[in-house]
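*Asks:* Chains as they are written, first to last, in our numbering: chain C, 12 to 535; chain Y, 12 to 535.
Simulated from the structure, these hints should not be mistaken for lab results.
Please note that a few of the clues may not be correct.
Treat identical chains as interchangeable: a pair holds within one or across any two.
Stated by the list, open to error - In silico DSS-like pairs for lysine-lysine, Cα to Cα no more than 30 angstroms straight-line:
no., residue 1, residue 2
1, 432, 362
2, 421, 475
3, 421, 457
4, 101, 369
5, 400, 432
6, 475, 376
7, 277, 101
8, 421, 432
9, 457, 403
Protein chains: 2
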Amino acid sequence: MAQVTIYDTTLRDGSQGEGISYSVTDKIRIAEELDALGIHYIEGGWPGSNPKDMEFYVKVAKLHLKNSAMVAFCSTRRPNTAAEDDPNLKSTVTSQAKYATVFGKTWDLHVKDVLKATLEENIAMIKDTVRFLVSKGLIVFYDAEHFFDAYRTNREYSLLCITAAESAGAKAIVLCDTNGGTLTSEVFRVVREIRGQVKVLLGIHCHNDAGIAIANSIAAVEAGADMVQGTINGYGERCGNADLIPIIANISLKLGKESIGTDKIKELTHVSHFVSEISNMRQRSDQPYTGASAFAHKGGVHINAVMKNPATYEHIDPAVVGNHRRMLVSELGGKTGIVIRAKDINLDLNKDTPQTKKLLDLLQKLENEGYHFEAAEASFELLMKRSLKKYKKFFDLEGFRVVIEKRSDKNITSEAIIKLKVKGAKEHTAAEGDGPVNALDNALRKALSEFYPTLSKMHLSDFKVRVLDEKSGTAARVRVLIQSQDETDSWSTIGVHENIIEASWQALVDSIEYKLLKDGVKDT
Amino acid sequence: MAQVTIYDTTLRDGSQGEGISYSVTDKIRIAEELDALGIHYIEGGWPGSNPKDMEFYVKVAKLHLKNSAMVAFCSTRRPNTAAEDDPNLKSTVTSQAKYATVFGKTWDLHVKDVLKATLEENIAMIKDTVRFLVSKGLIVFYDAEHFFDAYRTNREYSLLCITAAESAGAKAIVLCDTNGGTLTSEVFRVVREIRGQVKVLLGIHCHNDAGIAIANSIAAVEAGADMVQGTINGYGERCGNADLIPIIANISLKLGKESIGTDKIKELTHVSHFVSEISNMRQRSDQPYTGASAFAHKGGVHINAVMKNPATYEHIDPAVVGNHRRMLVSELGGKTGIVIRAKDINLDLNKDTPQTKKLLDLLQKLENEGYHFEAAEASFELLMKRSLKKYKKFFDLEGFRVVIEKRSDKNITSEAIIKLKVKGAKEHTAAEGDGPVNALDNALRKALSEFYPTLSKMHLSDFKVRVLDEKSGTAARVRVLIQSQDETDSWSTIGVHENIIEASWQALVDSIEYKLLKDGVKDT
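Turn these sequences into a full structure, and let the hints guide you.
*Replies:* Structure follows, in structure tokens:
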């Protein structure tokens with residue numbers, strides 16, 4: 012039996028985050044990952060609020076998840092209506108979920124200003140709702156909305172609300188900091204006080220409006236809470252919900268309590284990235300434990316120390332959560348960063364080699380122009396080899412022209428014409444594409460593939476555009492990052508220019524040259 | 012006298028963040044903003060480590076900042092070297108800063124594995140360094156690196172280190188959680204214990220590797236710390252430093268203590284956005300207090316409640332920190348969201364108007380295609396007006412052609428040719444630009460400005476590109492967001508298409524049409 016149960020509400024509260032919208036398929040894919048991770052409860056949505064959520068519950072029931080129980084979310088019955096006549100509660104029953112979480116008002120301000128009901132009627136609503144769902148065979152949890160605000164301003168009434176839910180048969184009382192404004196010390200104190208009064212499971216549900224939802228959740232566990240509610244990556248309305256990823260890691264690695272199972276902790280990085288992908292949200296590189304920068308070292312002092320003993324600047328071994336260490340190539344990393352990267356690719360450089368200084372100067376100049384080799388290791392390798400004359404070009408560009416044309420309301424077309432010299436031959440060809448960069452990519456491969464057949468085995472897997480000095484409007488400088496892959500590897504390249512086509516061209520050429528170099532193809 | 016002093020290290024520790032690189036000018040601009048915000052101490056860099064930092068100290072001394080004192084950062088002297096012979100310490104003295112922060116080893120693991128010195132020598136290094144700088148007239152703070160790890164594993168030695176610094180004349184002892192792995196409850200307990208032993212100022216310096224740096228800093232203040240070190244927006248190596256923005260807000264609005272001055276709290280949103288701009292980092296929309304989503308309401312239940320009483324789902328009044336409330340137009344906001352936006356622009360819609368349902372369906376369809384009107388309110392206004400036939404076109408496009416050309420190693424050029432009908436006339440013109448979108452923007456304005464002279468008063472102020480399904484490579488769908496402004500207003504428009512030129516075109520046209528509509532210009 013787990014000491015702390017984890018309750019995920021990514022699919023319900025997380026979907027309220029700005030920029031997030033899940034299809035039913037998205038929800039199913041996320042639920043499968045949460046199940047594999049060993050999450051105890053998955054709140055899938057609000058079956059009474061929209062047909063999409065109901066469709067999800069029907070589909071997910073067929074998956075027979077191994078570890079996770081599905082929970083349907085609903086509100087207390089409407090004022091002055093019988094529970095059995097409330098369509099919201101009927102949908103909860105028909106959702107096929109075995110668990111239901113009822114959220115109800117606990118703060119007198121909400122009862123008066125939002126519900127417009129009497130304080131007594133709200134207590135009756137809580138009791139009736141819990142009793143009704145229990146009578147239908149559901150295991151019921153009670154989310155005491157705004158509990159901390161309520162306890163601060165009308166303690167007596169807030170306690171009446173949770174007592175009503177418990178006495179009506181709720182199997183968990185969840186204290187919600189709905190507005191996210193409560194400090195950690197207060198969360199700890201209040202949870203400890205309530206722990207003495209509640210016999211059933213005690214849960215915590217925090218929001219991040221004061222930037223402390225993770226700490227508040229951990230403090231609640233230290234004060235005796237048995238269940239933590241939150242979302243993957245902290246998605247949610249306003250500043251988001253408590254982020255379950257670092258919470259699970261902190262519970263396991265810092266508090267030494269069990270939650271999802273020690274063998275699952277190493278999946279956290281994968282799940283965090285998977286959910287950000289499905290949610291179409293940029294993965295925060297500085298995300299605790301699972302971000303790309305979480306174990307990245309940039310300062311020369313830090314890089315030197317970590318080479319001696321990783322514990323000097325790493326609070327845990329990154330492999331424990333499925334992440335890995337990175338030594339960043341940058342001005343601040345200094346010569347050490349360059350020497351380490353050179354060693355990786357069998358170039359013989361040390362701190363005192365004159366070329367090391369020359370490379371550092373070049374790196375500094377390019378970083379000032381907006382290049383960022385931290386995220387484009389293949390381009391940095393090419394840069395080193397070009398600078399050390401360990402490299403010859405695979406083709407010479409004579410010129411290209413890209414034409415984008417739109418006629419009235421008709422579709423827009425893109426065409427690229429390219430002329431280059433490769434292995435002594437002249438190639439002059441053209442291709443269309445879904446946009447100017449795609450057209451150029453197609454034309455370049457068309458011109459080269461006859462001479463370098465392995466190029467047909469690689470493809471672009473990711474394409475990112477970033478406007479650098481956004482305030483200059485459409486004349487701003489653009490950074491393009493391209494991720495490419497073949498059957499065995501994946502590599503990143505970069506281009507920077509005021510013209511997005513030129514920036515893309517630089518990254519495309521690096522991508523192809525890296526592939527050819529990697530394959531040991533002879534140059535022209 | 013402030014109860015809690017704020018010590019900013021954005022320019023030193025913040026610049027270690029992946030993706031951040033400051034020029035001297037960037038540093039000067041940030042220092043000016045921090046001074047205006049009333050930050051007590053600014054750590055500007057490490058004058059002994061590179062010439063750029065030294066140049067910054069010389070320049071900033073000429074600014075005569077009003078509120079902030081400049082602090083130079085340095086390490087303790089090298090092992091077995093006299094302090095007066097250490098070039099790092101000489102640079103600190105010549106930096107003209109009145110304050111110096113010395114960081115030194117406190118954890119025996121670091122003394123043995125990184126310094127390779129004896130424990131006694133490290134104590135001597137701390138004492139000598141502090142004494143030397145004090146003798147040169149500097150006020151010295153001591154950053155006890157890895158204090159919490161040290162106190163956990165070799166308490167006696169960690170105390171010897173801070174006692175050495177204090178006895179040598181340090182005016183502040185700063186407890187650093189350098190690896191960011193300490194839980195809030197432990198930070199509180201340790202700070203309270205040390206508070207009883209240190210006579211001078213006690214500071215806290217947290218990193219965010221466990222996602223709790225903000226809470227740890229606040230807990231330290233509750234335990235008796237007088238000074239908080241951190242960075243704007245939490246920039247810093249790995250998972251970043253403690254984010255001073257929510258820390259300052261929490262100290263003032265939650266703990267009720269003074270820090271930068273109550274009248275300055277309303278500048279937090281501005282400073283947070285300004286620093287993210289200069290740092291060329293994407294502003295996190297879910298950032299506590301200052302993010303664009305921090306007071307944005309999306310769910311229908313929440314929107315309805317906030318309309319009745321904002322305290323129902325807002326922990327503070329957003330205006331207090333210079334932010335503002337937003338009601339998001341989205342599927343989840345439902346008809347209420349649309350009705351509220353319609354009212355803002357004097358369109359007569361209510362929940363039962365058939366057009367409201369029609370607009371909601373259209374919104375849902377476009378959001379599925381990748382449009383995001385949450386961030387493009389001008390485009391949404393045009394969409395509503397077009398859908399309600401409250402609108403006529405200002406011009407008709409007959410066609411455009413954009414040609415991008417590159418010859419061998421020569422510069423790339425972009426040219427746009429455009430043909431349109433405006434007020435009965437036919438315009439056929441062309442323009443060059445720094446890239447294809449800039450060329451198109453120039454050609455469009457050239458064709459229209461004679462007919463609509465107020466267009467010369469507007470310009471694009473921001474241009475963002477996001478690749479939506481990044482995994483499709485260069486054929487992916489692209490979302491373009493354009494921000495425009497004139498003397499009085501600022502507005503955002505959006506375009507989405509597989510072709511970046513078409514997506515940009517949509518956003519450009521919306522931007523110009525919104526301007527003309529806003530000015531009450533008669534259509535053709």
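*Asks:* Confirm or reject each hint.
*Replies:* For each hint, the structure was consulted:
no.	hint	result
1	432 <-> 362	neither (39 angstroms within a copy, 65 angstroms between copies)
2	421 <-> 475	both (27 angstroms within a copy, 25 angstroms between copies)
3	421 <-> 457	both (27 angstroms within a copy, 23 angstroms between copies)
4	101 <-> 369	between (72 angstroms within a copy, 28 angstroms between copies)
5	400 <-> 432	within (21 angstroms within a copy, 56 angstroms between copies)
6	475 <-> 376	both (23 angstroms within a copy, 25 angstroms between copies)
7	277 <-> 101	neither (40 angstroms within a copy, 47 angstroms between copies)
8	421 <-> 432	between (36 angstroms within a copy, 16 angstroms between copies)
9	457 <-> 403	within (21 angstroms within a copy, 45 angstroms between copies)
This entry does not satisfy hints 1 and 7, going by the numbered hints stated previously.
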